[in-house]
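As you go down the protein sequences, you meet chains A and B in turn. Numbering of the first sequence is given in this note's numbering, commencing with residue 1 and proceeding in unit increments. Numbering of the second sequence is given in this note's numbering, commencing with residue 1001 and proceeding in unit increments.
In case anyone wonders, no lab produced these hints; they're calculated from the structure. Quick reminder that beta carbons are idealized off the backbone N, C-alpha and C, glycines included. Warning: the hint list may mix true and false statements.
Unchecked claim - Capping the alpha-carbon separation at 30 Å, the derived lysine-lysine pairs in BS3-like fashion look like this:
1. A/K139 x B/K1175
2. A/K81 x A/K59
3. A/K122 x A/K53
4. A/K176 x A/K126
5. B/K1246 x A/K149
6. B/K1431 x A/K139
7. A/K209 x B/K1175
8. A/K209 x A/K142
9. A/K209 x B/K1431
What the hints assert, rightly or not - Not the full set, but computed from the structure, chain B residues with beta-carbon under 10 Å of chain A:
10. K1126
11. Q1149
12. G1151
13. T1165
14. Q1259
15. F1268
16. E1439
17. R1442
18. P1451
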Amino acid sequence: MRQTPGQTPQPPAAPAAAAQGQPPAAAKPQRPPAPSVPPEFDALPIWTMEPAKLIAMVKDPKSTVFQKAIACKKLAFTGGKDAVQPMAALLDHPQLSCYARFGLEPNPDPMVDDVLRAALGKLTGKLQVGVINTIGVRKDAKAMPALAKLINSSDPEIAGAAAASIGQIGGLQAAKVLQGALGSTNPPVFPVVARASLLCAEGLMAANKARAIEFYTQLSGASMPGPVRLAALRVLNAESPAPPGAKAYPPPTGEAAENDRSGFLGRRQ
Amino acid sequence: MAEEKQPVTRRGFGKAIAQAGAAAAAPVVLASNAAGQIASPGAGQSGPVLVGNYAMVDNIRIGGIGIRGRGMADLRMLLGDERVRFVGIADVRESAREMVKSAVDKHYGTNDCVMYRDPSEILARKDIDALLIATSDRWHGPMAMWAAQSGKDMFIEKPGAMSITESYAMADNVKRYGVVYQSGAQRLNQFAFEFAVGLARSGKLGRLLTVHADTAIGLGSVDRGGHGWWPADAEPPDPLVFDWDKWLGPCLWRPFNTQYADRGRGEFWDFHAGLLEWASHTVATAQWAAGMENTQPVEYEPEGGEFRGDGLIGRYNINCRYANGVRLVLRNHSWSLLGSCSNRFEGTEGWVETGDSGRIEVSDNLKSLVPRRTGKRFDPTYAHIQEFLNCVRSRRPPRANAEVTCATHVTSHAAWICAQLNRKVTWDPAKRMFINDEEANRMRSRAFREPWRMEAFATNM
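Work the whole structure out from these sequences, hints included.
Structure representation (structure tokens):
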């Protein structure tokens, strides 16, 4: 029998205890096998269906939650434009919303962005957070106005999700929104806004380096979360030394400095 | 820096969570303002000198997330290193939390190991330098990203990501936040594999032709569970004892069944990364041997096996080709009994093959090079963790760093997608996408269940 990865091969077993005059160890109890998947939860018959049948299954009110779930899952890979609306209708379903987003998120049809934007205003709580997250993954710039409002939500989960998605969408408009939020949000959303800003600055580097450096400089400030500040400083250090006029340590003083002739301590000879 | 939190009891959890309110319940990690800031001890002040997020003295404070079987082996190695102080454990399972606390407190002779139900609490601790993350597979990628965003180094079990997208997201975050990442691909620090890789990289095999990687098992999605579910248990668990929602994490919702947590979840597509169960190890060594540790093959083609509708089962090969023409063969059969996770490297002037047995087989012309240590089995975990701890101090990337892990995983996921589609696919490593293959490209990612998310990509993928 093959070993499970991660396990260390064991050396051959030691001589049997009985042979050394000791009582044999108790046999290790065998775990019963894991249960089988019952027929009503067997996904393979659904998985092998053509998209048209999968869409019909999603639409059919008689379909079970399991059937709709697996149909959405497979439509993630094979669904076209005609699969978008049927799955969008499940975005408010407590169990199936994640399956609907799973099906919609990788679908390249622009209609997906339309239905997600439309759902934003109709959903609340975690289901709204999920849609915000998917909008961020799809980098839908048309959602920016709605997200810019949600970043000020009193619900920190929604505000944080909006900030993160704005950071992923990126661009100058996103930078403006995030910089505004950096000055107005409080914990627990502030660190999320800072991380989103870092992402946004990174995205700006190729198209608008000067603006990106300006953003990174803001993120290197002492008020920023430590990991974000250090990340921004590493980028700035890689780009260039500190600009003239930046705070620097004064030349050393004292006897050691006075006697130094190497210039190593900062005194020119 | 004394930790102010008291050990958390089952009863205290509910209270603590209620007091913490929305901030504690939020899924995002709250990075601390102070963590990672530069500090030096003042006059007369003792204690570690903190630079960045790590201790420059031999006092690396480590926390754990999701430690059970394999994680306990890692933990034992950490506890055996005098540089390490293990200070806390987060787990959604009460029994696992208590098991780790018991082991740690027994080792130190204290009662100091703090337990957390929510990983975000341990990520928010300012005094922790690094994390041991040994959760189930689906949590490795998100936890790695959150650890990076919290400025913490990490030793994290494999596989490191459940999809191609997640692999890149993990590596991008590690790079962005400048933390040290070592995946549990411990064979990269195992003598027999090092020797075999050395033969290939030094040119002793001549012009390299083919590297082979053992995948051993059938393809995950076509294992018994596939995309199916087990029926719901009659009673949901007490979240203070077992938090099912957090255990499920970014995976798609399914009804609670206690069997998932105990055994058998590896049979379900949602809970495993298919080929990566072994390819996380064997592709890593193969790509290292080929000098391809930071890229992927450009072609993948299935051979053999039986296509069941959702992937290949039985004896199969996935034949891959790098841009320079070198071949990578993933196969689950025809190995020469050298142990699990085997590799074979073939060149124009010789071949070498090894596995977990520690034995090394070579072509006749290379036999004089095989050292006497051949054939001895030993656990490389210690060396692998030692390398991680050394890198925490040196800030150099270890062998199983995030970029190497990402490249290994993208190769393996691409091969798995090839097997699920049962047809040839072509990959562009620079663009991070399959060429002219929308279905394959859609399979690069798995959308996270709400409210979980990746804060990952600055540009399009």
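Cross-check of the supplied hints:
1. A/K139 x B/K1175: holds (22 Å)
2. A/K81 x A/K59: holds (15 Å)
3. A/K122 x A/K53: holds (28 Å)
4. A/K176 x A/K126: holds (26 Å)
5. B/K1246 x A/K149: With a Cα-Cα distance of about 29 Å, the restraint between B/K1246 and A/K149 holds, given a limit of 30 Å.
6. B/K1431 x A/K139: Between B/K1431 and A/K139 the Cα gap is close to 17 Å, so the pair holds against 30 Å.
7. A/K209 x B/K1175: holds (19 Å)
8. A/K209 x A/K142: Satisfied, since the Cα-Cα distance of roughly 24 Å is no more than 30 Å.
9. A/K209 x B/K1431: Within the cut-off at roughly 22 Å; holds.
10. K1126: holds (8 Å)
11. Q1149: Holds. Min distance 6 Å.
12. G1151: With a minimum Cβ separation of about 3 Å from chain A (threshold 10 Å), the hint on B/G1151 holds.
13. T1165: holds (9 Å)
14. Q1259: Interface hint status for B/Q1259: holds (6 Å vs cutoff 10 Å).
15. F1268: holds (9 Å)
16. E1439: This hint holds: B/E1439 lies near chain A, its Cβ roughly 5 Å from the closest one there, short of 10 Å.
17. R1442: holds (4 Å)
18. P1451: With a minimum Cβ separation of about 4 Å from chain A (threshold 10 Å), the hint on B/P1451 holds.
Every hint, counting from the list given before, is met by this structure.
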